[in-house]
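Student: Residue strings, one per chain:
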Amino acid sequence: MLLSRFWYVILGLVTGALVFVLYISMSMYNRQVSRAMAEGLSSDSQVVSWYLKNDARERSAHLISFTLEASIPKGLADASATEGKLTDKIRQSVQEGLTKVAAKIPKDQAFDAVFAVDQHGRVVAHLGYEQASGMEDFELGGYPVVADALHGFVRDDTLVLDRLYRVVARPVEYDLGSLPAGAIVGARIIDDRFARDLSTRTGAAVAFYAGGQRVASGAPEGFDRSQLDMIVNDIKAVEADPDYKTKGRSAVRVINAALSVVYGRLPGEAWDLGAGFVVGRNAIPVANPLAFFAAADDKDKSGAKIPIVVGIAILAMGLGLLFSFIEYTKPLSLFRDEAHRLAKGQIDQLQPSKFRGLYRTIASDLNDGIDVAAGKGGGTRRAADLSQVLGDLPAEPQMSAFSFPGDTGASPKPKPSVPKSVPNAPLPSAPRATAPSGDDGVVSSVGDATQKERRLPAPPPRVGGPPSPSSPSGSGDDAQIAEWKAVYEEFAATKQQCGESLDGFTFEKFQNTLKKNRDAIVERHGVKRVKFSVYVKDGKAALKASPIKD
Amino acid sequence: MLRESVRVGVRRAAPWALAATTIALAFASADAEAARIKGSVVGYQNLLNPVWEESKDPDRHAYSFREPVPTVRGEFRRLFPHIPKELCIAAFAAEKQPVQKPILIRVGGGRTTPVTIVVTPGTELQFQNTDPFPHRLYAVGVGTFTASDTVKGGVRSWSVPAAGTYEVRDEAAPSLRMWIVGDPTLAGIAYPSMKGEFALGVEGDGDYRVQAFFAGKKVGPEIPVKVKGDVDLAKTPIKVADPPKGEKAN
Numbered sequence: 001m002l003l004s005r006f007w008y009v010i011l012g013l014v015t016g017a018l019v020f021v022l023y024i025s026m027s028m029y030n031r032q033v034s035r036a037m038a039e040g041l042s043s044d045s046q047v048v049s050w051y052l053k054n055d056a057r058e059r060s061a062h063l064i065s066f067t068l069e070a071s072i073p074k075g076l077a078d079a080s081a082t083e084g085k086l087t088d089k090i091r092q093s094v095q096e097g098l099t100k101v102a103a104k105i106p107k108d109q110a111f112d113a114v115f116a117v118d119q120h121g122r123v124v125a126h127l128g129y130e131q132a133s134g135m136e137d138f139e140l141g142g143y144p145v146v147a148d149a150l151h152g153f154v155r156d157d158t159l160v161l162d163r164l165y166r167v168v169a170r171p172v173e174y175d176l177g178s179l180p181a182g183a184i185v186g187a188r189i190i191d192d193r194f195a196r197d198l199s200t201r202t203g204a205a206v207a208f209y210a211g212g213q214r215v216a217s218g219a220p221e222g223f224d225r226s227q228l229d230m231i232v233n234d235i236k237a238v239e240a241d242p243d244y245k246t247k248g249r250s251a252v253r254v255i256n257a258a259l260s261v262v263y264g265r266l267p268g269e270a271w272d273l274g275a276g277f278v279v280g281r282n283a284i285p286v287a288n289p290l291a292f293f294a295a296a297d298d299k300d301k302s303g304a305k306i307p308i309v310v311g312i313a314i315l316a317m318g319l320g321l322l323f324s325f326i327e328y329t330k331p332l333s334l335f336r337d338e339a340h341r342l343a344k345g346q347i348d349q350l351q352p353s354k355f356r357g358l359y360r361t362i363a364s365d366l367n368d369g370i371d372v373a374a375g376k377g378g379g380t381r382r383a384a385d386l387s388q389v390l391g392d393l394p395a396e397p398q399m400s401a402f403s404f405p406g407d408t409g410a411s412p413k414p415k416p417s418v419p420k421s422v423p424n425a426p427l428p429s430a431p432r433a434t435a436p437s438g439d440d441g442v443v444s445s446v447g448d449a450t451q452k453e454r455r456l457p458a459p460p461p462r463v464g465g466p467p468s469p470s471s472p473s474g475s476g477d478d479a480q481i482a483e484w485k486a487v488y489e490e491f492a493a494t495k496q497q498c499g500e501s502l503d504g505f506t507f508e509k510f511q512n513t514l515k516k517n518r519d520a521i522v523e524r525h526g527v528k529r530v531k532f533s534v535y536v537k538d539g540k541a542a543l544k545a546s547p548i549k550d
Numbered sequence: 551m552l553r554e555s556v557r558v559g560v561r562r563a564a565p566w567a568l569a570a571t572t573i574a575l576a577f578a579s580a581d582a583e584a585a586r587i588k589g590s591v592v593g594y595q596n597l598l599n600p601v602w603e604e605s606k607d608p609d610r611h612a613y614s615f616r617e618p619v620p621t622v623r624g625e626f627r628r629l630f631p632h633i634p635k636e637l638c639i640a641a642f643a644a645e646k647q648p649v650q651k652p653i654l655i656r657v658g659g660g661r662t663t664p665v666t667i668v669v670t671p672g673t674e675l676q677f678q679n680t681d682p683f684p685h686r687l688y689a690v691g692v693g694t695f696t697a698s699d700t701v702k703g704g705v706r707s708w709s710v711p712a713a714g715t716y717e718v719r720d721e722a723a724p725s726l727r728m729w730i731v732g733d734p735t736l737a738g739i740a741y742p743s744m745k746g747e748f749a750l751g752v753e754g755d756g757d758y759r760v761q762a763f764f765a766g767k768k769v770g771p772e773i774p775v776k777v778k779g780d781v782d783l784a785k786t787p788i789k790v791a792d793p794p795k796g797e798k799a800n
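In the order they appear, the protein sequences are chains D and B.
Quick note, the first sequence lines up with residues 1 to 550 if you use my numbering.
Quick note, the second sequence lines up with residues 551 to 800 if you use my numbering.
Just so you know, the hints here were simulated from the structure itself, not pulled from any lab data.
Incorrect hints may appear among the rest.
Computed spacing ranges between beta-carbons, pair by pair [stated by the list, open to error]:
| id | chain 1 | residue 1 | chain 2 | residue 2 | range |
| --- | --- | --- | --- | --- | --- |
| 1 | B | P608 | D | A251 | 21 to 29 Å |
| 2 | D | S178 | B | F683 | 17 to 25 Å |
| 3 | D | G203 | B | L654 | 31 to 39 Å |
| 4 | D | Q92 | B | F683 | 45 to 53 Å |
| 5 | B | P793 | D | P106 | 41 to 49 Å |
| 6 | D | S178 | B | K789 | 17 to 25 Å |
| 7 | D | A81 | B | G693 | 40 to 48 Å |
| 8 | D | V254 | B | E617 | 49 to 57 Å |
| 9 | D | D229 | B | P793 | 22 to 30 Å |
Each computed PhoX-like pair below joins lysine-lysine, with the alpha-carbon atoms no more than 20 Å apart [to be verified]:
| id | chain 1 | residue 1 | chain 2 | residue 2 |
| --- | --- | --- | --- | --- |
| 10 | B | K606 | D | K247 |
| 11 | D | K344 | D | K354 |
| 12 | D | K100 | D | K85 |
| 13 | D | K516 | D | K528 |
| 14 | D | K531 | D | K515 |
| 15 | B | K646 | B | K776 |
| 16 | B | K606 | D | K245 |
| 17 | D | K509 | D | K549 |
| 18 | B | K606 | D | K53 |
| 19 | D | K53 | D | K74 |
| 20 | D | K85 | B | K745 |
| 21 | B | K745 | B | K785 |
Since this is a predicted model, take the numbers as computed values, not measurements.
The beta carbon of each residue, even a glycine, is placed where N, CA and C say it ideally should be.
Modelling step: build the complete structure from the supplied sequences, incorporating the hints.
Tutor: What follows is the structure in structure tokens.
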């Protein structure tokens, strides 16, 4: 038993330890996820910043092509020299130059809008900015990015106009000894296409926002970019983030259980206008140990060492079954076999040495029980005690009421009624007669040790007497009377042996008493007949009645 | 009248190619004779546009990269102002002058035109949005001119309440800053050409003071002028700024 019990303890401890480890793993996993996500978001934010800067640089290089197109510097120089209204000829010339150069720029590097600006800040010609079509007084000279270009610098900016624009500008020189003739300005709209390109090249899920609204977003495959719409409710709050205000990048902000983001401000005028970008990542924390199964994908599952898992499971099951077999099945089987042999009479008693543990004790107890039974004469199983079966009977018909004049001590006091607690108790089935030979077939009880010692070895001499006339029918009544006669003789012998007087103890009286009792038992329990047997109770002869159904 | 003299002054200055076309339109009237004060400003290359100067500060995060183009000479790589819009030459009379007619201010391209203006108190300024998107102008610290949308082509009016200097900004364009100087003795204003030449008209002869304003502040000396017919100050140009000592072109 110890092995299996220890095995249960071990299994319990191992299970508890595994659950504990799972919880630790869950905590570590969540912490690592959180840390990895923070690092990933920081990295994404950096990458997006670098991308924006690098993209602006690359695009600014394309502006050189415009400055080298002869019609543009010449047209801008002419425009700068004109303080009044610009002529259509100048505008046309510059426009053609812009169109010609723009067509040569690769699509992925192309601008959405290009402006040629003279020294007065007037837009002499432009491409792609249809909002300003027909506006002859359209100008850009007040923007720092354009002013810088008009003063000899190349730089970028992010402008929040009707839309969000990434802008680069550089000077256009006509006479190297004089002020630049003007500036060329290229603008790229920050829209979903821009965000998608950025996301494709950086792998980041990114959205741009301005004026408290998301204006563009792009995300790699597997990331639902509509999640980034949720930042709208957080933009106000992030403006209170000190890092965001001073450094232009927020700490990791948790939008919901699955989405965390980092905000970054866009360089340029957009910085002061609260426009920026946000990168997001999905992080699914594990809520409980079982959630690992839900969180794991096929790749994770394929990484598990299934043979080891199966091996451990089989080993654990095998050990459990083995211990169970060794400690339960095998001893029980042995005990069953031995008991079977005992029942068949192949052995007289069980051999406790064959058994272990509790079975050994049980075998020993059984042997003791058998010995006790054998010591009582090897009787069969005890018949039901009449008083236990029927309860107390009325004084006259009661078996123990065989008190005849001068025999008062043997007769218990009569009781007026049968206790209600047992009136309908089922009678035990008629015991099979397994009594040793010499028994007359009447079921007798197995008494205790003292009774055994007092049991008479032989029936007393029979007392003669006529058969009972009360028998209603012929041969059946004769057999009944003969049987009762035998009981009478045995009872009388027992009385004699017990030192009781037989004065006045006649068969007729005895028969009448048996008959009354039989009739009462038959009526009460619906049995066909009743057998009476003699035994010694409290040093006096007594009778027991055994109801027989068949 | 002030408006008339200014208008005439602008008209007669046409050969000087003045850049005050917008102002001239605002002062449109043709029924008065006026004297002209012609002159020029020098040293304006040493002025620095405050908005652009702020923008070049890396701590302002206005760009991710900003690099000089080596083929542009260093002297041009200073963020000096576009004086036809930013340098206002004003003539002041000895007495108070009447309120001017409404003046149109164009709002577009990241700035206003003009950027600095001197007016008599009570003058109505009409801000017209020439950009294809809304602006939200407001005067700093002035309760009567708070931020509100001015749509494309829309006009928003505001009268200068009293003498003093006012700064107008735009919530939608941080680089847009305008300065308005209110002075009751203003007799006339003009804006110089790219070369620094100007011509302003005043009403009748008399003693005047000519002063240049840039970014809402006086720059250069105040020039007393005794007007008796046209006056030419070209021989004594107004020096609006000295070259910075030891400062490199950036």
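Student: The structure should be examined with respect to each hint, and the outcome stated for every one.
Tutor: Evaluated hints:
Taken as a hint, the range 21 to 29 Å holds for the pair P608/B and A251/D, whose Cβ atoms sit roughly 23 Å apart. As the Cβ distance of S178/D to F683/B is approximately 34 Å, the hint placing it in 17 to 25 Å is violated. Our hint of 31 to 39 Å for G203/D and L654/B is violated, since their Cβ atoms are close to 52 Å apart. Roughly 27 Å separates the CB atoms of Q92/D and F683/B, a value that falls outside the hinted 45 to 53 Å.
Checked against the hint of 41 to 49 Å, the C-beta distance between P793/B and P106/D comes to roughly 45 Å, which is consistent with it. Between S178/D and K789/B the Cβ separation comes to about 22 Å, which falls inside the hinted range of 17 to 25 Å. Checked against the hint of 40 to 48 Å, the pair A81/D and G693/B passes, with Cβ atoms roughly 45 Å apart. A hinted range of 49 to 57 Å for the beta carbons of V254/D and E617/B is inconsistent with their spacing of about 39 Å.
Restraint check, D229/D to P793/B: a C-beta distance of roughly 55 Å breaks the suggested window 22 to 30 Å. Taken as a hint, the K606/B and K247/D pair is honoured in the structure, with Cα atoms around 17 Å apart against an allowance of 20 Å. Restraint check for K344/D and K354/D: the C-alpha separation of about 18 Å stays at or below 20 Å, so the hint holds. About 25 Å separates the Cα atoms of K100/D and K85/D, which puts this hinted pair outside 20 Å; it is violated.
With a C-alpha separation of about 14 Å, the suggested pair K516/D and K528/D falls inside the 20 Å cut-off, and the hint holds. In summary, the hint linking K531/D to K515/D is supported, as the alpha carbons are separated by about 11 Å, within the 20 Å threshold. Restraint check: the Cα-Cα separation between K646/B and K776/B comes to about 17 Å, which is no more than 20 Å; the hinted pair holds. For a cut-off of 20 Å, the pair hint linking K606/B to K245/D stands: about 19 Å separates their Cα positions.
Restraint check for K509/D and K549/D: not satisfied, since their Cα atoms lie roughly 26 Å apart, outside the 20 Å limit. Taking the CA atoms of K606/B and K53/D, the gap is about 16 Å. The hint holds against a cut of 20 Å. Under the criterion of a C-alpha separation no larger than 20 Å, the hint pairing K53/D with K74/D is inconsistent with the structure, at around 31 Å. A hinted pair counts as satisfied when its Cα atoms are at most 20 Å apart, and K85/D with K745/B qualifies at roughly 18 Å.
For the suggested pair K745/B and K785/B, the alpha carbons sit about 15 Å apart, so the restraint of at most 20 Å is met.
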